[in-house]
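K.L.:
The listed protein sequences correspond, in order, to chains F, G and X.
Just so we're aligned: the first sequence equals residues 1 to 435 in our numbering.
Just so we're aligned: the second sequence equals residues 1 to 263 in our numbering.
Just so we're aligned: the third sequence equals residues 1 to 477 in our numbering.
Since the hints were derived computationally from the structure, they do not count as laboratory data.
Careful: at least some of the hints might be erroneous.
To be clear about the criterion: a stretch of chain X counts as covered by chain F if any three or more of its residues have a C-beta under 8 angstroms from a C-beta of chain F, and this derived list gives those stretches [what the hints assert, rightly or not]:
(1) 270-276
(2) 407-418
To be clear about the criterion: a stretch of chain G counts as covered by chain X if any three or more of its residues have a C-beta under 8 angstroms from a C-beta of chain X, and this derived list gives those stretches [stated by the list, open to error]:
(3) 69-75
(4) 110-118
(5) 202-209
(6) 251-261
Here are the simulated BS3-like cross-link-like pairs (lysine-lysine), alpha carbons at most 25 angstroms apart as the crow flies [what the hints assert, rightly or not]:
(7) Lys26/G <-> Lys370/F
(8) Lys377/X <-> Lys329/F
(9) Lys450/X <-> Lys329/F
(10) Lys138/X <-> Lys66/X
(11) Lys377/X <-> Lys412/X
(12) Lys450/X <-> Lys315/F
(13) Lys450/X <-> Lys370/F
(14) Lys66/X <-> Lys397/F
(15) Lys329/F <-> Lys138/X
(16) Lys450/X <-> Lys342/X
Glycine included, every Cβ here is placed at the ideal spot set by N, Cα and C.
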Amino acid sequence: MTVTRGDFLDTLLGARPPTRDDAGWLSRLRAEALERANALSVPTTRDEEWRFTDLAPLTRLSFQPVRVAGTPDLARLRERFLPQAQMRLVFVDGVFAPGLSQLAAAAGACVSELGSALQGPRAAVLEAHLGRLAQFDANLFAGLNTAFLSYGAVIALDAGASLAEPVQILHVATRRDQPHAIYPRLLLAAGARSRCTVVEDFIGAEEAGYFSAPVTEIVLERDATVEHVRLQREAPGAFQLGTCAVSQAAGSHYHAVSVVLGARLSRLDWRVLHAGAGCQSVLDGLTLIDGRQLADTHSLVDHAHPHAHLRQQQKCVVSGAGHAVFNGKILVRQAAQRTDAAQSFRGLLLSARAQIDTKPQLEIFADDVKCAHGAAIGQLDPEQAFYLQSRGLTAPKALNLLTYGFAAEVIERIPVASLVRELECALVERTVESK
Amino acid sequence: MIRPNAAVLLEVRDLDAAIGGRAILKGVNLTVRAGEVHAIMGPNGSGKSTLVKILAGHPAYAASGGSVRYRGEDLLVMAPEARAQAGLFLGFQYPVEIPGVSNAQFLRLAFNSVRSARGEDELDPLEFDDLVREKLQVVAMDPSFLERNVNEGFSGGEKKRNEILQMALLEPIVALLDETDSGLDIDALRVVANGVNALSAPDKAIVLVTHYQRLLDYIVPDYVHVMEGGQIIKTGGRELALELEARGYDWVRVEYEHARAVA
Amino acid sequence: MSAVLNDLVNRPYEAGFVTAIESETAPRGLSEDIIRLISAKKKEPGWLLEFRLSAYRHWLTMQEPKWANVHYPQIDFQDIIYYAAPKPKKLKTMEEVDPELLRTFDKLGVPMNERAALAGVAVDVIFDSVSVATTYKKKLAEVGIVFCSMSEAVANHPELVRAYLGSVVPSSDNYYAALNSAVFTDGSFCYIPKGVKCPMDLSTYFRINTQDSGQFERTLIVAEEGASVSYLEGCTAPKFDTNQLHAAVVELVALDDADIKYSTVQNWYAGDEQGRGGIFNFVTKRGLCKGANAKISWTQVETGSAITWKYPSCVLLGEGSIGEFYSVALTNNLQQADTGTKMIHLGRNTRSRIVSKGISAGRSNNSYRGLVKVAPKADDARNYSQCDSMLIGSNCGANTFPYIQVRNPTAKVEHEATTSKIGEDQLFYFASRGVGAEEAVSMIINGFCKDVFQQLPMEFAVEATKLLGLKLEGSVG
């Protein structure tokens, strides 16, 4: 049977909505999202924002909703647990796994699964923010996630609260029997002056084929500080179409590191809105792909208030017949005087069939600003390679080592030491130790 | 040096200024005579920088009352470039960067604008090059500075030295130096101070705006004024600066309030 | 924005007069009959009429493009006059040119007659739709160079025109290129034979004079092996409060070791402060570096037009070929400019360089949109792009959209962009050193644009700085 584009979406939209009995506002939100998703269609390369990312390999397939979570390989899963994380929420095939999770009490903070958060004292925070940041009026995948929102992670910090250790949100996909659709969700509401570090990790069993449309919403109140790490290590056959929406109030500080290693096809729509003066954002990104992988990062930093500060660096390393896309838009609205924004993109093509498409985009409507972007695509510096060779390394080893160094610059920006070590080891395997 | 009969170069009378409805200067009085070095000190937000910006004619600042006479002329009606051409110089606290314009181009244009306003011949690039190389020594700057764009990528110290270089070229009659010492290490401070000292003369005057007394170890003031709340609330000799360094500003305020209450 | 800045960026348009000469115009609107009429008026061969008609038929099937950053009212293509010509008179020498016309070019500062001789520039002049005079033709003919109007080229060198017309910009390329292919009325043709270095700069001035007429000129320049030429183009139009459409097509072909330098100073009427009137400048310019080590260099100074939409591009097919793009685009009031370039690297060892300087003032919007594409076979391709924006005042916008597509791992592509401004602080800094605002702005703008101005031939550089309303301070002192 040939599956048409319509079938992909029809199967997803035809799934039974979550039956959990939730607050009225949440049911309304789901219904609204479902209605909107029904009205949208799958983007094609004719849409400017999707011009380099062809979803045809995705839409040829059809994905079933998850009725029962599968069984993860526990030994391998535990390897992914961050040793210093006091709190960890684990979701298996999108379903919350309390037995694998670890929750501890913290002063002024709530870290819990959506269901219990809705019953808890901070339910009002959920109602204020859930589905408000990741708008689904034009984003089909955020719409699907919201329409079928069932399980999710919630981190809510009161004003002045601080979590010393990182919180880990681990999503693992296991089902190999048939393709499933998964909708991971995270809401992080950081109250005024609060501080925390959150690590989102998306992994999948080797042979699992699935479609995941994760949504992350992060709201920072005045002077809050959030360190956000997002690791996309999905299974090789997986599709991930993610949305990350961040809203920063005055004086807040958002630092994020996004690492993309997995999935057959992935996309991250990353929007950071400055909703008050003096916001600081630091966005670091690394995409390391090969084979026939396609990885697309679309970021938008919307400067709407004065004295904003942005530092963004994105690096892509592409081998095999991989295809990396980076579209980085910096918008400086008229009110955003004295914005200081700098973006750099560096791409490394390691094989003849690899390709990179990039569009670093500046849109500036304020006159008293300092904005700069740079993009460079090329190879490793032959002078550096020669230097290493002259010290006895073989040519491939020298190139691998330089590739490692190129990527490690981003990994080192992760504020969790054990994770840096783990990723560096993985990086060594993929670069230095590779043939 | 204080000479009672020296000509009055700058006379500020009851100067008021407000920005966005908030009074910044509330009746400033200051008389500067030829040969004198004045230091204006005071805490942040006291109005020091506003005062010198108004004197230099910054368009964002306007006097709302009072008068300023510069060598007998009404200074406040003059355009900023006319003030510069008439020998008033402002050393900026934060010199702006001018991308695409080389320092040499900029310096020559400024120099020739001031020269021609004074009815003197403009210098051609070669003549100017000789002159500027000589002046570079005053601030111990490398000639490579001339090829770089104005203040672009300069360190804090380099920017300040560039300001003093401009002062050396333009030979002002009254130099207003706004926080020229801020952000300088001790070596740079010495270079800048030596540059300023080399340019002082009996027919000229210098007004230093500073936060700290350390600059005054190198440039010895004849008068030290304490500014607070938009007024000069105390004037003394160089020893006042040392006292401020030791005791802070609060006692001056208390003394001033007391004197006002008594009066 | 300070009053001084306002004055500086709001100089009146000096080329906005209308010339009172008799002209012959076709009825409004577009149809196969109009195209047959244009073709008949120009006594064209059958193949060219066929070229036009097939382009027209294709155009009918195309959608008018909608561009993200350009906003303008719907164009009524049936309300445009597609052919307007000064009443025909056979011109043999410059003396026969309508004196009114000569006065027009005099006012515009076009170097003709004696002035042409002094300036050493050969000039082709396109007035509305028809080429009215070509100077220096004889002198150029001595070295085998053909420089004439497109109409004459069709009549006298049909084999050359037929071989290259539409070979770089196919008539189906885009909406406005198709329209141009159907209705183009005249333009310049230039052929530099093998090994010939053109002894002088060639120049064309374009002027739209008739209200409601469109101008659809077509320029074709072919440089054979080892040939080189520098070509200049200037454009003006009178002030009307209606919009006029200018949809030109320029094709350049450079064979082995040939070198074409194409410079434009575009000062079409931009509309008034309220955005009434002005030219819609929708132009397709493309050069093909067909041979090895060929070089095509575009330099443009864009100050006019209500809307500018153009991307002078280079297709780098020949091994070791070089493409360059140097641009200054100034927008003011409600002008919109969406301009940039495409560098398509197809051959090995190809090089390209992009320097774009956008200046926005008033309520205008200035976008750089560029594409650098490195195809799988373009080993060792290199590109360097520098896109800088300058904002004057706080009601304008500057956008940068650099598309980079790399399909070859040996490529090296670098892009840099910065934004700066002329604001009160900068002007005050100059003023406090005795320098007035006019000179300060002039110096800042010239500093900002110098990498582009350096590329212009001398007279053009002078005109360009004058056009930007500026006084040139002497070279680096």
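K.L.:
Look at each hint and say if it fits the structure.
P.N.:
Comparing the hints with the structure gives:
For the region 270-276 of chain X, the stated coverage by chain F is not satisfied: 0 residues place a CB nearer than 8 angstroms to a CB of that chain, which falls below the threshold of 3. Chain F is given as covering the region 407-418 of chain X, and this holds because 12 residues of the stretch bring a CB closer than 8 angstroms to a CB of that chain, at least three being needed. Counting residues of the region 69-75 of chain G whose CB lies closer than 8 angstroms to any CB of chain X gives 0, so the stated coverage by that chain is violated, three being the minimum. Counting residues of the region 110-118 of chain G whose C-beta lies closer than 8 angstroms to any C-beta of chain X gives 4; at least three are required, and the coverage claim holds.
A count of 0 residues in the region 202-209 of chain G with a Cβ less than 8 angstroms from any Cβ of chain X is obtained; the coverage claim is therefore unmet, three being the minimum. A count of 0 residues in the region 251-261 of chain G with a Cβ less than 8 angstroms from any Cβ of chain X is obtained; the coverage claim is therefore unmet, three being the minimum. In summary, the hint linking Lys26/G to Lys370/F is not supported, as the alpha carbons are separated by about 35 angstroms, beyond the 25 angstroms threshold. Restraint check for Lys377/X and Lys329/F: the C-alpha separation of about 30 angstroms exceeds 25 angstroms, so the hint is violated.
A distance of roughly 28 angstroms separates the Cα atoms of Lys450/X and Lys329/F; the hinted pair therefore is violated under the 25 angstroms criterion. Between Lys138/X and Lys66/X the CA atoms are separated by roughly 45 angstroms; this puts the pair beyond 25 angstroms, and the hint is violated. The suggested pairing of Lys377/X with Lys412/X holds, with an alpha-carbon distance near 14 angstroms, which does not exceed 25 angstroms. As the CA atoms of Lys450/X and Lys315/F are separated by approximately 33 angstroms, the hinted pair breaks the 25 angstroms bound.
For a cut-off of 25 angstroms, the pair hint linking Lys450/X to Lys370/F stands: about 21 angstroms separates their Cα positions. For the hint pairing Lys66/X with Lys397/F, the CA-to-CA distance comes to about 50 angstroms; that exceeds 25 angstroms, so the pair is violated. Of the pairs offered as hints, the one joining Lys329/F and Lys138/X is violated, with about 54 angstroms between alpha carbons and a cut-off of 25 angstroms exceeded. Between Lys450/X and Lys342/X the CA atoms are separated by roughly 22 angstroms; this keeps the pair inside 25 angstroms, and the hint holds.
The structure does not agree with the numbered hints 1, 3, 5, 6, 7, 8, 9, 10, 12, 14 and 15 stated previously, though it agrees with the rest.
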